[in-house]
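J.: In order, the protein sequences belong to chains R and L.
All residue numbers for the first sequence refer to the numbering used here, where the first residue is -7 and numbers rise by one.
All residue numbers for the second sequence refer to the numbering used here, where the first residue is -7 and numbers rise by one.
Everything labelled a hint here was simulated from the structure, so no lab data went into it.
It is possible that part of the hints are untrue.
Claimed, not checked - Which bits of chain R does chain L cover? Going by a derived footprint, with three or more residues having C-beta under 8 Å, they are: (1) 86 to 98; (2) 317 to 323; (3) 412 to 426.
Stated by the list, open to error - Here are the computed distance ranges between Cβ atoms for each label pair: (4) Tyr334/L with Asp264/R: 28 to 38 Å; (5) Asn45/R with Leu93/L: 53 to 63 Å; (6) Tyr334/L with Asn97/R: 56 to 66 Å.
Said to hold, decoys possible - If you want a taste of the chain R side facing chain L, the calculated C-beta under 7 Å gives, among others: (7) Gln15; (8) Tyr195; (9) Met199; (10) Ile216; (11) His217; (12) Ile267; (13) Gly278; (14) Arg291; (15) Met299; (16) Gly302; (17) Ser308; (18) Ile311; (19) Lys347; (20) Thr348.
Note that the coordinates shown come from a computational prediction; the quantities given were computed from them, not determined experimentally.
Just so it is clear, CB atoms sit at the ideal spot from N, CA and C, and this is done for glycine as well.
Number of protein chains: 2
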Amino acid sequence: MATREEALFNGKQNYNYYQELLQEFIRIPSISTDPNHKEDIKLASNYLKSVLNKFGITDVRIMDTEGHPVVYAEKRSTNQQALTVLIYGHYDVQPVDPLELWESNPFEPTVKDGRLVGRGASDMKGQIIACLAAYQAISLTGTIPLNFKFIFEGEEEIGSPNLTPFLEKNKELLQCDVILNPDAGMISPDTPTIVNGLRGLTYFELMIKGPDHDLHSGTFGGAIHNPAIVLADLISGMHDSDNRVTLPGFYDDVIPLTERERNEFLKIPVTDSDIKRQTGAPALLGEKGYSPLEQIGARPTLDISGMLSGFIGEGSKTIIPSWAMAKIGMRTVPNQDPNKIYHQLKQYIEENVPKTVTWELKQFAGGWASISDTTNPEVVALSNALESVWGKKPLYKREGGSIPVVAFMQKILNKDSVLTGFGLPDDKIHSPNESLHLETWKKGILALIEFFYNFAGVK
Amino acid sequence: MATREEALFNGKQNYNYYQELLQEFIRIPSISTDPNHKEDIKLASNYLKSVLNKFGITDVRIMDTEGHPVVYAEKRSTNQQALTVLIYGHYDVQPVDPLELWESNPFEPTVKDGRLVGRGASDMKGQIIACLAAYQAISLTGTIPLNFKFIFEGEEEIGSPNLTPFLEKNKELLQCDVILNPDAGMISPDTPTIVNGLRGLTYFELMIKGPDHDLHSGTFGGAIHNPAIVLADLISGMHDSDNRVTLPGFYDDVIPLTERERNEFLKIPVTDSDIKRQTGAPALLGEKGYSPLEQIGARPTLDISGMLSGFIGEGSKTIIPSWAMAKIGMRTVPNQDPNKIYHQLKQYIEENVPKTVTWELKQFAGGWASISDTTNPEVVALSNALESVWGKKPLYKREGGSIPVVAFMQKILNKDSVLTGFGLPDDKIHSPNESLHLETWKKGILALIEFFYNFAGVK
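Take the sequences, apply the hints, and build the full model.
T.: Shown next, in the form of structure tokens:
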């Protein structure tokens, strides 16, 4: 049996074992945004170390940052000429609230309808384990065709605030020929997908403060400008009637879509009703003049991710709240500068906020959008790998999501990432009842094995 | 000496005795919200019974409710034609925390600078004792000109949850010609005050539902209408640029202020900077064309008391929330029908909500506004009583708040309440170091004596 076939055989043989490792990984509630889970973050990084060790990789380092640690590991091929692949992943997960909407404990993985349900199953503990599985299946043949480097961070879900300094500091260590980032997904179980574009992200918290304490709405109502209404006015003004964002200069740096790009979008077999079904939204609505896939993949957005003011319990409490807060997240497209957007938002607020309140704007970590060329050798290697497992050519897709790390790595390591992953649109990542489609995930392990051999030039 | 003079003489003679009774009453820590004080609530109701008995009223009933008991008492006049006054009060008090801010034990009344300091001194044990004192001073003359009924509840400070069923059940028992509610206050020691208007309240919860789960704002952002933005649009549209409420027909039933009413408002010695100081708001803003006191006292409002959507924790979570909710409270003015307002709000939403979401509107219990004609015999009786004690005509004040019990009684007993009381703005009710201005309180006893005779038509 040729080495490649042997590795594929190993991969298939060990499916259950890999799934068990994944389940163990999911049990660790490594929620990066919540300080109460700091210990779990540590546990998750140690767990990764133990799996890497188990797979015969001895050089594993848990490296401190200002925030959560980075797990770095490497294994060199005996072939001195071997190319180097750097595999990126994040071992942190999103929060789980609202907990009451979960049908099972988010940290007690359960299999239901061919899916593994649990927080992080798809985003992206499943993808990390798929890469490690592909590595192990190859290493069991006795030889590896590439030098493997792994970098797993614990802060992706909070915007990777400490990854940039880490990359800067460890530039040499991270030298490689290709970066594999499996944090993207597929369009459907039958449609292997390569993501060649990502949107960027900028994220803000806007606080509006009125009276210095909650007021009795009878004693003062009528003479006091309600901070929740001021916030609603500001939010409402952020889009015009064509659903375009109104921040001054917001579209100035946006590159218009070419005819060719618009044609790529037309090939993607996702219909409006697919999106309606996946989201459960009664109807779609987006920027005028663009299809939903274009709106998601290639146009910038402004969304409210959270809003809080006053009394939110059962029943009624008759107050004018002292303050109102909104979380504002913007998805940006290539060439939009997060820092400029901060100033655009600030200018918008300054121009529209009344004198009856004070306000504060906090910016969270964000990142630039990215786009890559589909004729690059690593993209071709991945394309062929996916084709050999699925029996058809993959589609190229510009994703709506943001992987700031892709932009950071491009900037600091001067390397494009090749983006794939075996999550599906209905995996409910970031939502209750996140799950991973196991059949697709298993195919993914095989595709990764094929990719590594393809990229190494091993027939 | 005429009967009235004799009663006034008795009142003055017994000031110290009444004050001792009040001090004894304050010593009982009847905090209704705290289960640890359940026994004290019982003690307070028994204490009231003992005072009523001491004053020669034998028909005193401690009547159970689902919560704390109601003390009911009555004494009929020997005059078969006598009118009946129903005197309302509450014998429960607010909690005392933060205890460390009290300069003396809240339940060990002490006199300081002409004030009796202690929890409940002003709100409203002092007002109850003033009514009982006035009754006794009259009864000592050997004859009472009215039938007296007393209803003292023990749950006002927790929103009178069991008063409505009690009133329903005891409608017959509570029949009367006038209700006296001494739970309002005076503007200053030199300004006798009659509250002749209260705003009503209608309260709603509006729920906007978009996607059936929280969505990843990258994966779907751009093509999905964000429910938090839909809610903000709806809220923002509820006021126009003059800060008038835009619900269709909202002002149709509002009775314009008369020149005389506007002049009454001008007499009230409360400035814009007083309101700014009391609220801590950076600036005032209300309906165009009205002064802040008019906006609060005589104009209807729409306020957002609470708002919730999506992620509200620390940091960032990049979602399109599945839903957004607002608590909407409206203070209404006389002649506005809470039920019509429900339909106006519903119509507004129907006309403005997009097809991208579904919505639900829940209405909570509310009540009509009340205003009493200052020419009503009971108001004239009170006005003359205050004038004869203070030597000047009282001010009429329309309050912005709603006293639920006034609305309940109006609805169930079909009687307006006449609102007065001898508390002052600096009595610190609900706060540490609550106190009662004794000189004003003593004048109050005399004014109540005058009121009872005036209302009975006794010269």
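J.: Check the structure against each numbered hint from earlier and tell me which ones fail, lowest number first.
T.: 6, 7 and 9
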